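**Q** Sequence:
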Amino acid sequence: MDLHWLKPLLGRTSPFTTVFLDATRAESAGESEAADRWRAARRTLERDGASTSVLDEIEDLVTVPTGVRGPHGRVVVADVDGVVVDRVVSEPPAQTVAVYGPVPDLVAAVRAADEAVDLLVVAIDRSGADLTWKSAGGARAASTPDEPARESVEGGHDDVHKTREGGLSRRSQTRAEDSWERNAEAVAAYLDKRVAERAPELVVLTGDVRAVALVCEKTGQHVREVAVEVTGGSRGEGAKAEAFAARVRAAVDTFREQRRQRVLDRFGQSLGRGDGAVTSLDDVVEVLRRGQVAELVLADSALASLQEREVLVGGQPLELATNQGDLDTLGVSEGRRFPASVALVRAALGQDAGVTFTGDATTELVDGVGALLRWSDESTPSEQLLTQSADAKRVRTIV
Numbered sequence: 001m002d003l004h005w006l007k008p009l010l011g012r013t014s015p016f017t018t019v020f021l022d023a024t025r026a027e028s029a030g031e032s033e034a035a036d037r038w039r040a041a042r043r044t045l046e047r048d049g050a051s052t053s054v055l056d057e058i059e060d061l062v063t064v065p066t067g068v069r070g071p072h073g074r075v076v077v078a079d080v081d082g083v084v085v086d087r088v089v090s091e092p093p094a095q096t097v098a099v100y101g102p103v104p105d106l107v108a109a110v111r112a113a114d115e116a117v118d119l120l121v122v123a124i125d126r127s128g129a130d131l132t133w134k135s136a137g138g139a140r141a142a143s144t145p146d147e148p149a150r151e152s153v154e155g156g157h158d159d160v161h162k163t164r165e166g167g168l169s170r171r172s173q174t175r176a177e178d179s180w181e182r183n184a185e186a187v188a189a190y191l192d193k194r195v196a197e198r199a200p201e202l203v204v205l206t207g208d209v210r211a212v213a214l215v216c217e218k219t220g221q222h223v224r225e226v227a228v229e230v231t232g233g234s235r236g237e238g239a240k241a242e243a244f245a246a247r248v249r250a251a252v253d254t255f256r257e258q259r260r261q262r263v264l265d266r267f268g269q270s271l272g273r274g275d276g277a278v279t280s281l282d283d284v285v286e287v288l289r290r291g292q293v294a295e296l297v298l299a300d301s302a303l304a305s306l307q308e309r310e311v312l313v314g315g316q317p318l319e320l321a322t323n324q325g326d327l328d329t330l331g332v333s334e335g336r337r338f339p340a341s342v343a344l345v346r347a348a349l350g351q352d353a354g355v356t357f358t359g360d361a362t363t364e365l366v367d368g369v370g371a372l373l374r375w376s377d378e379s380t381p382s383e384q385l386l387t388q389s390a391d392a393k394r395v396r397t398i399v
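With UniProt numbering as the guide, the letters of the sequence shown map in order to residues 1 to 399.
Errors might be hidden in some of the hints.
Unchecked claim - Quick list of the computed label-pair ranges, beta carbon to beta carbon:
id : residue 1 : residue 2 : range
1  : E46       : A243      : 43 to 53 Å
2  : R224      : P65       : 35 to 45 Å
3  : S14       : A245      : 37 to 47 Å
Simulated from the structure, these hints should not be mistaken for lab results. Note that the structure is predicted; figures quoted are calculated from it, not measured. In this text, a Cβ means the ideal position worked out from N, Cα and C, and glycines have one as well.
Taking the hints into account, I'd like the entire structure generated from these sequences.
**A** In structure tokens:
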């Protein structure tokens, strides 16, 4: 999971204002309901002490339609100076989150990242292709002068139509097929280059069936590893846009679930070996402090309890401990108390780790938290003895 967009929250001046609300509008929920949700959230934040200028800036954002159809949510995080994060997510919250305090509600923000998929849609015909960069389930496509959201590539060989009759038909067919091949080579080469440069998680190939097949044959291994074919798209007019968009959403949903399951499978296998993964709040705090974590794993069912438990933290993300003695060894004489969920996500973000949420009851997480490790050594906490013990559940509660 890519959490780079949350990095701006690190080192910002508190207090923070976090809003996570249902941004569904018009045909699904109605203009008045969307506005009412924001007004209720604003009243809560005003009562808690949020500044008028920050709330006005948030209001200017959330009261403008997102342009996204169907149910969706929006995450906005502001520091003392104004909005730092503004993210659209595919699933609206069951209840509005409106929090004002010394730390942002990072769990709400990371939920957006857990849903987001960096996506490239490639519509191909026998002459070339159109490329559209998106972030499915997260913010709308980001575009900068150096990184356009849409771009096109043409093969340059124009003889793409077969002649069906006449003495020159066979020669014309050969020329057309040769043009298809050369155009497909040009598209594949450009696609290889752009995927290497921008590293989308998923590439959707659509368009002319024959042209798509030719491009697939000619792309490099990396593109083939992340590409899926989705029917119904087109470079030109006439494609059934809504039906195609629904197929793309289904492909993204499948990818998202596979991405999550890959992490959980690796976590379970590593935990079973007693090497490469840990679970329990104490052990996860320790490996986060040492910068060992590749992926933080949080149980959906434990988020409320992790919000209630506290972890001591220092000024830097990796300065965290469950007791003052461990924090003293880091040179932090007086730690601040953060909700455990916030401290864990903050530390994960500080070491470029991902975060995966699981509602899978088969994933055993002590205290509702685990970590998949980048590396381990002899001093790394091990779960092997605990998992081999018949008294494991008596020692600690497994969520």
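**Q** Would you mind marking each hint as holding or not holding in the structure?
**A** So, going through the hints one by one against the coordinates:
1. E46 / A243: 43 to 53 Å: holds (45 Å)
2. R224 / P65: 35 to 45 Å: Distance hint for R224, P65 holds at roughly 38 Å.
3. S14 / A245: 37 to 47 Å: holds (40 Å)
Hint violations for this structure: none, all hints satisfied.
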